[in-house]
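Undergrad: Here the protein sequences come in this chain order: A and B. To convert, note that position 294 of the first sequence is 294 in the numbering used here; the numbers rise steadily by one, no gaps. To convert, note that position 94 of the second sequence is 94 in the numbering used here; the numbers rise steadily by one, no gaps.
It cannot be assumed that every hint is accurate.
Said to hold, decoys possible - Calculated pairs, SDA-like style, for lysine to any residue (alpha carbon to alpha carbon, straight line, at most 25 Å):
1. B:K9 / A:D105
2. A:K345 / B:T5
3. A:K249 / B:V65
4. B:K111 / A:N165
5. A:K23 / B:N95
6. A:K345 / B:V65
7. A:K99 / A:F112
8. B:K111 / A:E284
9. A:K168 / B:F56
10. A:K249 / B:K111
11. B:K111 / A:Y342
12. B:K111 / A:V104
Derived from the structure by calculation, the hints contain no laboratory data.
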Amino acid sequence: MAEWRGRPIQSEDDGDKGSAAWKYNDTQILTGDIFGSDGDGGIRYQNVTVPKGSTINSASMGFRMNMTTFADHVTRLKVHGIDEDNTADFSSDPLGRAKTTANVDWDLSGPFDVEDEASPPNVTAIIQEIVNRAGWGSGNSLGILVLEDGSTSDTFIGWYPWDDNPNKAPELVINYTAPPTTTTSTTSTSTSTSTTNTSSSSSSSSTTTMVPDPNYAQGIMRITKEGKDVIDSNYLDDYFLDSNYPLLKVHDSGSFTTSIIGLEDIPHTLGYIPYAIVFSQYIEDAGFGGVNITSEYYQHDWFLTGAAYYSYGYTKIYDDELKIVIENINTPRPGTIDGFYYIFKEAVI
Amino acid sequence: MTFVTKVAKEGYDVREAADKNLSYSAKLASHSIFNIISASLSAGGTSLTFIHGLDFVPKVWIFMVGSDGDGTFMRRIPYIDDNDFNVDFYITTSNIVIESDGGQASRLDFKVIIFTRSPQA
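Pulled out of the complex, with its shape left as it was, chain B reads as follows (with noise of 0.2 Å):
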């Protein structure tokens, strides 16, 4: 007999609920976040780095600030507009790169979300 830890969504037996009824499976990954940092790359600036020191490729969303007359906002890089300026990152066992072309006239704010998970895991 295999024992797999669970916990069921409401209403739904935890001993028979399918996979997407469960709210936990220690058969199934969770994605839990290890860190959020904020970063800022300089008016002109082409490159940002982070030591994130996990050993392994986490997986990592980066969010950039921005702000308009509906507030502030939040938008996922990578990013390109018609002007050929663009926003990316790459990841590796140690770092977390933020590339930009430098185009940048000001500074530019973001917000890194590091979680525990591998996609090569």
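This is chain A alone, in the form it adopts within the complex (with noise of 0.2 Å):
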């Protein structure tokens, strides 16, 4: 069995909307009836890295107060996960995103105190449903809804938010075991003879199960530098590898040069803006001098002045090509451009 355990890491992964409008910056999760107006909240986790297809064995939420009104009043709510493979950030309103089936009811009596700690709302079914969607993949985003649902009137709950406390906002802890892990390889081999106008060819393909070592954290990958135990270490530089965190891998990589007033298109076939890094120096015509100005590489992000003069370089990455930009604010002494650059197989979006 394996622990994820999460809570908001910025100030739009949280927010509520009572009287007003939806607010993501506010210093409260306010629940609850807010004089007359639902009190509804939500929460969203990132980087869930629990596999597609896991058993949720346990999820629960832990809520800390920072705001109380009546204290033998009951509020009344109801838990919902937003039905989403990865549901965006909350600088917008998401109340009125897809709901899952699974919801619970979460009723809260007071008297309460500010710091006060919530029992915990058990949101195992609503983690199961949404890790069981189709389209759900570890490390992923997730949110949940906190919905009014008959408080007493004029009770409400502020809790910590992001914006007020990191640490005191909702966490998010989910006990899972992974599905066992599959591989599937293929090999295929065929042969062909021009003279005789025969060819042949086979394919085979193979599914092997894998049931993790119980004694080791299940569907987890890991190697760690010398000197480290592979299991008691938890410092993440220690690793040299983990699958919960992929590895960067070169999609394409080249060279260009170019003039000082031109621009290099370099396409690529992803179909999503990629990583990418491009290094170059700026070398001026020999008639000018040659001079290397730039004298090394640098990242092409890049500002030059010149007595009368400034340049610009940088690099605008697209979903089918990268735009190798050099910009002038009148024109510079005349030269070329000559870089290399490294196009990632990852995609930023």
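Build the complex from these two chains, which are given one at a time in their own frames, with help from the hints.
TA: Here it is as structure tokens:
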């Protein structure tokens, strides 16, 4: 069994909507009856590294109060999940997003004081429904909505959000068992002979189900640096490799040369905006001294200034190309831009 | 004898391949992605802080989202333009802070890529 736990990690990961419009940067998440208006809140968790199809053994949320109203009244709430594969941040109102079929009543009877921790709602079925989605993937973001559900009039509770105290914002704890890892390998061979005009081909595929060793965290492959214990090391930089964290893989690399007043397009076929990095140097034409002005390769996000000009180099990364841009304010002394680039397989968008 | 886990590129003998022909080696630090965060700085805003929780200074790339006639694109920061408007960032053992001089007329959207590696390690 493995555990994932996390809290909101940015302002746009939680918010509420009471009598006013949705706010993601407030200092409370207000839930309950706010003087006749429904107080509804939402919390989003990023990088939830629970594999698709895992069995959720338990999941609960820890909420800490930073505002309370009447001591002896009941705040009645209902907790839903957002029924999406990878829910977007809460900079816009998430309350209208599709909800999971699973939900749970969460009724809280006072008296309460600020800093009290509420009895945690059991969100096991909600999390199970989300990680069972066809499009769910380890590392996606999930959202939880906490909605008013018949509280005593004017009775509401304020919870710590990220904007007030990130370490007290609602914490989600998931205990899960990852599904068995399945590896599929396919091999094929083919031969052809032109003189006899014959060809043959064969292919085979096999599927191997690997059952994880129960002594290790299931579904995780980890290699640590020399001298670091692979089981006990909790310091992330001790790991050379951990399957929870995808490796950056090079899709394409190359070099280019263009004029100081030029523009270079490097196409790629990924269909999404990938990570990319470009380095370049600026060399003046021989007639102007042939000086290697930048002297060495810089990340292609530079700014040059001369007696009467400015020049900028930067890279715009699109879903089908890199545009290596040089912008000039007045004309600099002519020369060339000499550089190289790496395009990675991982997507930024 | 020292034992090292290695994976060679296609066509290379893992026992003899040079480091540049390895896909993976336990002796060479790999770049793994710890987290990707979407973030926004409102019009006129001057700073944005994330708590990364790693207890070391991680490597970080930050891209700013833009769009033009060719579509949506990403551009890395630091950023400076000819009006001296600039956006930059710094990293500590607990935080990543994006700073702007506040000159933006509309919201700036970012993608923050945090690696598991520390440049100090």
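Undergrad: Between K111 of chain B and V104 of chain A, is the straight-line Cα distance small enough, at 25 Å or below?
TA: Distance of about 34 Å is beyond 25 Å: violated.
Undergrad: K111 of chain B and E284 of chain A were given as a pair; does the straight-line alpha-carbon distance stay at or below 25 Å?
TA: 35 Å, violated
Undergrad: Has the given pair, K111 of chain B with N165 of chain A, been kept, meaning a C-alpha gap of at most 25 Å?
TA: 23 Å, holds
Undergrad: Keeping to a limit of 25 Å between CA atoms, is the pair of K23 of chain A and N95 of chain B held or broken?
TA: Holds. K23 of chain A to N95 of chain B sits at ~24 Å (cutoff 25 Å).
Undergrad: Take a quick look at whether K345 of chain A and V65 of chain B sit within 25 Å of each other, Cα to Cα.
TA: Given pair K345 of chain A, V65 of chain B holds - Cα atoms ~19 Å apart, limit 25 Å.
Undergrad: Within a Cα-Cα threshold of 25 Å, do K168 of chain A and F56 of chain B meet the stated pairing?
TA: 22 Å, holds
Undergrad: Given the hint that K111 of chain B pairs with Y342 of chain A, test it: the Cα-Cα distance must not exceed 25 Å.
TA: Given that 25 Å is the threshold and the Cα spacing comes to 18 Å, the pair holds.
Undergrad: Given the hint that K9 of chain B pairs with D105 of chain A, does the C-alpha gap stay at or below 25 Å?
TA: Distance of about 54 Å is beyond 25 Å: violated.
Undergrad: Run the distance test for K345 of chain A versus T5 of chain B: straight-line Cα separation, threshold 25 Å.
TA: 24 Å, holds
Undergrad: Has the given pair, K99 of chain A with F112 of chain A, been kept, meaning a C-alpha gap of at most 25 Å?
TA: With a Cα-Cα distance of about 29 Å, the restraint between K99 of chain A and F112 of chain A is violated, given a limit of 25 Å.
Undergrad: Measure nothing beyond the straight line between the CA atoms of K249 of chain A and K111 of chain B; if it is 25 Å or shorter, mark the hint as holding.
TA: Holds - the C-alpha atoms of K111 of chain B and K249 of chain A are around 18 Å apart, at most 25 Å.
Undergrad: Is the Cα-Cα distance between K249 of chain A and V65 of chain B 25 Å or less?
TA: 22 Å, holds
Consistency note: the structure conflicts with the earlier hints numbered 1, 7, 8 and 12.
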